[in-house]
Amino acid sequence: MISLNVNRKIYQVDADPNMPLLWVIRDIIGLTGTKFGCGVAQCGACVVHLNGEAVRSCVTKVSRAEGQQVTTIEGLSADNNHPAQVAWNEENVPQCGYCHSGQIMSAAVLLRENPDPSDEDIDAAMAGNICRCGTYQRIRKAIHLASEIQKKGGAK
Amino acid sequence: MNYISRRHFIKSAGTAGFALWLGLSAKGEILKVSASVESKNFSPFIKIEPNGQITLFNIKPEMGQGTYQSIPALIAEEFEVSLDQVIIKNTGGEKEFGNGQRAGGSTSVRGSYTEMRKVGAAAKAVFLTAAATKWKVDESTCYAENGKIIHRPTGKSETYSELLEEASKIELPKEPKLKEPKDFKIIGKQAHRPDVPMKTNGSAIFGIDVQVPDMVYATVERCPVIGGTLKSFDATEALKMQGVLKVDKVERIVGIYSYIGVAVIANSYWTATQARKKLKIEWDTKGYETYNSAEYDAYLWKHADEEGMVDKNIGAIDTVKTSPQTTIDADYETPVIAHHTLEPMVCVAHVTGDKVEIWSSNQVPNLITAADDNSIPALTGFKPENVKYHNMFIGGGFGRRLYYDYIVEAINVAKLINRPVKTLWSREDATKKGPWRMMTFSRMSGTLGDDGKLLAFRHKVIGPNFHESLFKNFNKTRLDPSMVEGIGSQDYQIPNLKTSYIKTDSHIPGAAFRSVVSSTICFPHESFVDEMAYKAGKDPMDFRLSMVAPTSDTWKLLSKLKELSNWEKTLGKNKGRGVAQWKFFGCQLGYVVEVTHDPVKGSVKIDKVTALIDLGIVVNPDNVKNQVEGAVIMSISAATKPGITFKNGVVEQNNFYDNPVPRINETPIIEVHILADGGRMKGVGEPGVPPFAPALANAIFAATGKRFRRMPFDLKNVSK
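Heads up: the protein sequence lines correspond to chains A and B, in order.
Just so we're aligned, residue 50 is where the first sequence starts under the working numbering, counting upward by one.
Just so we're aligned, residue 1029 is where the second sequence starts under the working numbering, counting upward by one.
This is chain A alone, in the form it adopts within the complex:
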């Protein structure tokens, strides 16, 4: 049994320690917001926070997360109201929407580390997240908006 803290809830999971965290989160715990896109840390659809840092859960062994704080898109905010989520809604960013859990999880770390990112900062921080629908221009716009929301003390 491996003890996992996901979104501030403790789960005891019976899994091979080598199993990627992604599959534990999705198939054992049943939180499906975190997505599978490539399996080799290329697309970012599977980004979750491990102790607040963005990691690719598709290449993170579950054993590495044991006893650590894991946050998924479902646990990012209480009511879809993290500044990035609010901004994503305001700017109608998603199309198919499949990549955006990962996009938002990456953006959340960027916004914490760099509260006022430039376009170049955004491009550098978000280049690991593929959006096949091509919503990149809106992602930039939404991150700028999220930065503004954050400066004003978060979402209302």
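Derived by calculation from the structure, the hints in this document are not laboratory data.
Hints may contain errors.
[What the hints assert, rightly or not] DSS-like, lysine-lysine: derived pairs with alpha carbons at most 30 Å apart: (1) K1744/B x K190/A; (2) K1162/B x K1207/B; (3) K1217/B x K190/A; (4) K190/A x K1500/B; (5) K190/A x K1669/B; (6) K1633/B x K190/A; (7) K1268/B x K110/A; (8) K190/A x K1588/B; (9) K1563/B x K1340/B; (10) K190/A x K1597/B; (11) K190/A x K1590/B; (12) K201/A x K190/A; (13) K110/A x K1274/B; (14) K1306/B x K110/A; (15) K1217/B x K1636/B; (16) K1308/B x K110/A; (17) K1416/B x K1306/B; (18) K201/A x K1217/B; (19) K1636/B x K190/A.
[Claimed, not checked] Derived list of chain A stretches under chain B, where covered just means 3 residues or more per stretch with a C-beta under 8 Å from a C-beta of chain B: (20) 60-72; (21) 93-100; (22) 116-127; (23) 143-153; (24) 163-176; (25) 180-192.
[To be verified] Have a look at the derived ranges for each label pair, beta carbon to beta carbon: (26) S1053/B x D168/A: 50 to 56 Å; (27) L1206/B x N54/A: 54 to 60 Å; (28) L1206/B x N100/A: 53 to 59 Å; (29) K58/A x P1627/B: 54 to 60 Å; (30) D1479/B x D168/A: 45 to 51 Å; (31) S167/A x E1413/B: 58 to 64 Å; (32) T1380/B x D170/A: 53 to 59 Å; (33) E169/A x A1344/B: 55 to 61 Å; (34) D168/A x A1344/B: 53 to 59 Å; (35) D170/A x E1596/B: 20 to 26 Å; (36) N54/A x N1295/B: 22 to 28 Å.
Here the structure is a predicted model, which means the values were calculated and not measured.
Note that CB positions come from ideal geometry on N, CA and C, so glycine has one too.
Since the structure of chain A is already known, use the hints to place chain B on it.
Below, chain B alone, put in the same frame as chain A:
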């Protein structure tokens, strides 16, 4: 859950008392059914329940193109409800919802525009009459707003659900009055898509997210050589792994091709993938292991001198006098590409006796349950009435999910075990197993007249036909208009025009890709128009404008685009601008692309893209912009990223590291403008793809003098 199962459907109808269903008959008449919807040949689009719940059914699968908002919006506009006060449900091929349950060809909104509005308008008319009857007032003194009927003189109001019983007795108007566009509250306005919140908090359920009690997982090893067959397999080592439940062969059918793979079913997807690596399989690849892209390309060019099947033949092209001063001949090439929907192919299937229940994400739910030879029931041996399908949010379609090979395969996997199974493809599976957007090559020839305009223009398309790989009854002797889409029907007035198609044989499964064959043949066509403009010493925009009638769609589009893009403003040093447009299956869009050349590095950067899309009527302008912005990125992908190549019958690429797609740092500024002057309604999803590559190639030529005639364009290495 954003789908309805038939079971739920009937149950809720049965318990809803005076629930009212409104929709269309198979003949297109507006119908209403009270309390229950047992009636066949009736597609309900609105359901109103006594508790106030209003449900609108969306029959156009949502794959990112925005139908989850734009289709219900058409009903809601006329029915006078806001999308915030209704539940929207995606349908899944249920017979009740008819043949319209498919998304392709950029037809969803324009194909539903009048029909869906009529359903909403008829429903509103019923409730207006119901209220007037119930209140014993003149109907003309009542109006509908926000899900209520209001009596203007007194302000008295009742909600639709409060009027249900009265409404169920009212006859529907045959031709309900539709609103004037000036009175629209939703159509044409800035709107938030109701699926967006679900897509920002992880609650949207895609095909991959479906969880069914007792579900297990499967992965399939398929022959590395396309066309190869299974000789034998040894699963001994795989079956020793804890959690592995079953290993056996399964059939996948893609169009005319049947492929046998080996499925591993396990209690987790991870375990299944680990066990898959331990399979020992012998494949028979005879006759297919010699297939190489370079040789196939050479074979295509070997056929390029043939006449081919003629599409348009205007004037007498063979009599036009050519000369080095007025004539150019040029060959163009495009690659095979993978769609790379970010959600890999996935399907949950549960076989119980002679029945199967399926959950997946697919563009054509109507075909999942259809009764013809090419559909799921016939391909998997179930009676159509025994196939129950649920269509989920789609993590990218782009034409790949017009096919259901992965659903057939998943059903065959489910036949091996008495439990629901989720069969999931890896990224490598998607890259290496197709079906793919096939290549086309083009042989171009053009001659200028004394007036400096095109006197003769010849476009021959050479390549395999994806339709041939899809349909058993494909007619090889007839020209398939898809293969010459648009090349003979642009608005350019050319006295001598000849277009044709030379079909080559192929054993590679082909697929439609966003904008279908226009995704490859617009590039040579609109690039070559540019080549001829330079040959004539003319500005490429003015060259085009000089060849179209001032009354034409293209004149309207290009003259507006010229203005919006500041075409006449001089650009700085090392910068260049290119234009291209494309008119095809009832869509039209034009681009101006601006690039900067770095002569030291030898690279080119895309600075800015100005797009103008002609729509006639627009339903959700912000969504249209999002679609075109996305089409630009997808087109940068198709034009500048390496395609799929075969070596000894095996696809050489694997995953995003060697088959890359664009990332955020490659995104130019994209400015999208919409022409919506009330003309004929046109499509949105696809027109952003075809003209981008030629506009980019033309801009690169303007900036550098380097003419790209072969994709992918290497933007890092633009030397003459």
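A quick look at each hint next to the structure:
A threshold of 30 Å between alpha carbons decides the hint, and for K1744/B with K190/A the separation of about 27 Å falls inside it, so the pair holds. This hinted pair checks out: K1162/B and K1207/B have alpha carbons roughly 25 Å apart, not beyond 30 Å. For the hint linking K1217/B to K190/A, the alpha-carbon distance of about 21 Å falls within 30 Å, and the restraint holds. For the hint pairing K190/A with K1500/B, the CA-to-CA distance comes to about 48 Å; that exceeds 30 Å, so the pair is violated.
A threshold of 30 Å between alpha carbons decides the hint, and for K190/A with K1669/B the separation of about 25 Å falls inside it, so the pair holds. Of the pairs offered as hints, the one joining K1633/B and K190/A holds, with about 21 Å between alpha carbons and a cut-off of 30 Å not exceeded. Simply put, K1268/B and K110/A have alpha-carbon atoms about 22 Å apart, close enough for the 30 Å limit, and the pair holds. A threshold of 30 Å between alpha carbons decides the hint, and for K190/A with K1588/B the separation of about 27 Å falls inside it, so the pair holds.
Among the hinted pairs, K1563/B with K1340/B is consistent with the structure: their alpha-carbon atoms are about 24 Å apart, no more than 30 Å. This hinted pair checks out: K190/A and K1597/B have alpha carbons roughly 27 Å apart, not beyond 30 Å. Distance check on the hinted pair: K190/A and K1590/B sit about 27 Å apart at the alpha-carbon level, within 30 Å; holds. At roughly 17 Å between alpha-carbon atoms, K201/A and K190/A fall within 30 Å of each other, so this suggested pair holds.
Distance hint between K110/A and K1274/B is fulfilled; the C-alpha atoms sit about 25 Å from each other, no more than 30 Å. For the given pair, K1306/B sits about 21 Å from K110/A by alpha-carbon distance, which is consistent with the 30 Å threshold. Under the criterion of a C-alpha separation no larger than 30 Å, the hint pairing K1217/B with K1636/B is consistent with the structure, at around 26 Å. A distance of roughly 27 Å separates the Cα atoms of K1308/B and K110/A; the hinted pair therefore holds under the 30 Å criterion.
A hinted pair counts as satisfied when its Cα atoms are at most 30 Å apart, and K1416/B with K1306/B does not qualify at roughly 34 Å. Of the supplied pair hints, the one linking K201/A and K1217/B holds, its CA atoms being roughly 29 Å apart against a limit of 30 Å. Annotation: proposed proximity of K1636/B to K190/A holds, straight-line Cα distance about 16 Å (limit 30 Å). A count of 5 residues in the region 60-72 of chain A with a Cβ less than 8 Å from any Cβ of chain B is obtained; the coverage claim is therefore met, three being the minimum.
Coverage of the region 93-100 of chain A by chain B is violated. Counting CB-CB distances below 8 Å, 1 residues qualify, and the rule asks for three or more. Against chain B, the region 116-127 of chain A contributes 5 residues with a C-beta closer than 8 Å to a partner C-beta. That satisfies the three-residue criterion, and the hint holds. Given a C-beta distance limit of less than 8 Å, the hint that chain B covers the region 143-153 of chain A holds, as 9 residues qualify and 3 suffice. Three residues within the 8 Å Cβ limit are the bar, and the region 163-176 of chain A against chain B gives 5, so the coverage statement holds.
Coverage of the region 180-192 of chain A by chain B holds. Counting CB-CB distances below 8 Å, 10 residues qualify, and the rule asks for three or more. Distance hint for S1053/B and D168/A: a CB-CB separation of about 53 Å, consistent with the stated range 50 to 56 Å. Between L1206/B and N54/A the beta carbons are some 56 Å apart, a value that agrees with the proposed interval 54 to 60 Å. About 58 Å separates the C-beta atoms of L1206/B and N100/A, a value consistent with the hinted range of 53 to 59 Å.
Taken as a hint, the range 54 to 60 Å holds for the pair K58/A and P1627/B, whose Cβ atoms sit roughly 58 Å apart. For D1479/B and D168/A, the hinted distance range of 45 to 51 Å is satisfied, since their beta carbons lie about 47 Å from each other. Between S167/A and E1413/B the beta carbon distance is about 59 Å. The supplied range of 58 to 64 Å therefore holds. Checked against the hint of 53 to 59 Å, the C-beta distance between T1380/B and D170/A comes to roughly 54 Å, which is consistent with it.
Judged by the Cβ atoms, the range 55 to 61 Å given for E169/A and A1344/B holds: they are separated by roughly 57 Å. Taking 53 to 59 Å as the suggested C-beta distance range, the pair D168/A and A1344/B conforms, at roughly 55 Å. Look at D170/A against E1596/B: about 35 Å separates their beta carbons, and that is not inside 20 to 26 Å. A hinted range of 22 to 28 Å for the beta carbons of N54/A and N1295/B is consistent with their spacing of about 24 Å.
Violated hints, listed in ascending order, are 4, 17, 21 and 35; each of the other numbered hints is respected by the structure.
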